[in-house]
Amino acid sequence: MPHVKMARKSTDTDMTPFVDIAFLILSFFIMATKFKPPEPVPVTTPNSVSSDILKEENAMLITIDKDSKVYVSISAKKDQEKLTTIIEGINTTRNLGLSQAQIQNFKKTLIIGVPFNSLKGLLDIPADRQGTYTQPGIPVLDTLNNELIWWVGEAKKAFAGEKLLYLIKGDNNSKYPTFEAVINALRKNEEFKYNLVTSQEGAPEGTELFFERLKN
Amino acid sequence: MASIDTGGGDSGHKKGPGVKKAKKLSTRVDMTPMVDLGFLLITFFIFTATMSSPTTMDLNMPKESDKKEDETKVKQSGALTIMLGKDNNVFYYEGELGASGENFKSSSFKDIREVIINKKKSVIAAYKGSPDCEQKAREKGKKDPKAECADQDFVVVIKPTPDATYKNTVDILDEMTINNVKRFAMVKISQTEQDLINVSQGGK
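As they're listed, the protein sequences go chains A and B. Residue numbers for the first sequence, in my numbering: 2 to 217. Residue numbers for the second sequence, in my numbering: 5 to 208.
Looking at chain B on its own, in the form it has when it is part of the complex (with noise of 0.2 Å):
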């Protein structure tokens, strides 16, 4: 108990003879029980809250096509292709594929962010301009249509593989909104590309 009784305090001072002292009851509740009630509800509601709702993330895909003239044309130059392979692997490439695949690199999902980021930098050292480009943004109001358009050859393509899980994807998506890569797709991959990682994969 957190009270102990003192004595009341007034046990000095002295009545007459005979005359009777009416107990004096402490008017002092016991917090403590309180206390401990008050916070074991405490802790239950922290279990059980939930306290960040779900957010979503958006995702919009093209439309599928047979012809061949909708396609993107993508610049090699620009181009930065990421592949998820199982165990969270990550390898990446930049431009086009070699024929013996020299420029195939391995990375993970700690440092493929760098390897984005290198990638985009270089694009836009390389930007020469593009008036059409320009023209755009500035009728959109755009401050400053130069870097509007630096980045505009920078693509990403992301191959996951069968054995990338529904985490790598979505992380590599986030990457793609953390490091502001505005042209990204999402292509199936290609046997050449799935041996290779067969064969870095099989040699761990």
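So that you can see chain A by itself, here it is in the shape it has in the complex (with noise of 0.2 Å):
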């Protein structure tokens, strides 16, 4: 009886192709990812249809975290000496009585949390351990001791003459009257203009809004 003989086909496939694409999109995602600086306070922000990119530009950042604790944190982006001038001012308006050495912390200082009491204990600790240091936040929401104006004066002071953002980065959980305590300290320093952080997405189908990007 003739047997019937199978062609052998061989089950090995060639590799090669896949390794080209798996790499082509492994170099679009190294290219694409720009990794998260540190975050010392995790904030969830909101997401809103705002479609500005957020600028680098000199900024103060006011973070309101989700237990509505409020925190600063100034970037300034030629001048660092700036941040001299604003611990300087807040030194000699609250005297505080900082030494140099703290002074000089402060410009290292990621993010500031703390009352201006408690100001000293924490530059005093260095800023590569201040992340373990629990920052009870500074106090807005009584009108009459709202700290936080004074940062804000100060800031305000040492910028002027350039441009300074206001950034505001609240989360999603965190209470409206700490924000709009925040927003009450800016304006008693004639500031009016801030932007929200916020985290995009797309307008909803047939508003306005969306007819009009359409249109773009």
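To be clear, the hints were calculated from the coordinates, so they are not data collected in a lab. Incorrect hints may have been included.
Example chain B residues on the side facing chain A (calculated, C-beta under 10 Å, incomplete) [what the hints assert, rightly or not]:
| no. | residue |
| --- | --- |
| 1 | T36 |
| 2 | T52 |
| 3 | P166 |
| 4 | K171 |
| 5 | N172 |
| 6 | T173 |
Here a beta-carbon is modelled for each residue, glycine too, at the ideal position from N, C-alpha and C.
Combine the two chains into a complex, taking the hints into account.
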């Protein structure tokens, strides 16, 4: 009986194009990735339809975390000495009696979230170990003793003649009165334009904004 | 292994006796581990990638003023007051709040858009013409001065209660952008309104 000879086909697949694609996608992701800078305070920002990208400029970032604690961080694009001006201003107006070493440490401090009377204590800790220190937040809710007013005032003075953005980065779950107190502190300093940090989302379908964006 | 040795393909070729057959090594490299590694790295980068950079939303607040004459007059017919309660509750009323709160209505973030759109439509429908405003729009070179002015009486007043979250506030400000509301204001809530909200929230 004649055997039917089955043609032996190789089960071997050529993996090379597969590898090519894999590494192509890989290189795309490496290029596109911008590593997040370490966040001293974790905040989940709300979504908004706003599509303006956050610019990197001189900015005073006011963070409100999920427990409605308020933190301040100031970033100067060019002149780091501005930070010294601010802390020295705070030091004189509030009579804190900070030492030179503490003032130097302020420049390296990522984020400030303490009342003025504990500022000395915070600045005694080296900047790289401040992460473990739980900051109680800047007191803002008391209208008579809204300490944020002083911070904003000093920052405004130090950046006089330059553009300074006021960024407010609030957590989804932070309460409205804190936000209101932050706004009030800025208004007391005659600052009326703010930027709220949000995550992007698309305009909902069928709305006016949706059609307007469709046109452009 | 993906690569199975199929015998090199020339095993049938006979050489003379005593001729040593040089073992032919396959030049093929097994790519499977490389693919594994590639995709592992891809997954890693997808997870760590922050594709969406943060955006900002502009917010302009009016100057604080004690003078009464500085306050913007709001036509009651075109006003819509939205209040933000706790647990993402939204309340609203049109025009002036009735003495017994009969026009005080409850809503949600899902339904409030409909309310805003309807109110805007009714304000535009009630527009009788304002020569001043249309003249100004014409001077600015606007194509359709009537459309520019038709919603000039439409004002949304936002009143968040202390129980509202920051997310609620941003959401409602977003709603203003979405529905192209040109005039809106954030105002402190009054006691009467707070009481009404407490009553309707307590009932739930």
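Results for each hint:
no.	hint	verdict
1	T36	holds, 6 Å
2	T52	holds, 6 Å
3	P166	holds, 5 Å
4	K171	holds, 4 Å
5	N172	holds, 7 Å
6	T173	holds, 6 Å
Of the hints listed earlier, there is not a single one the structure fails to meet.
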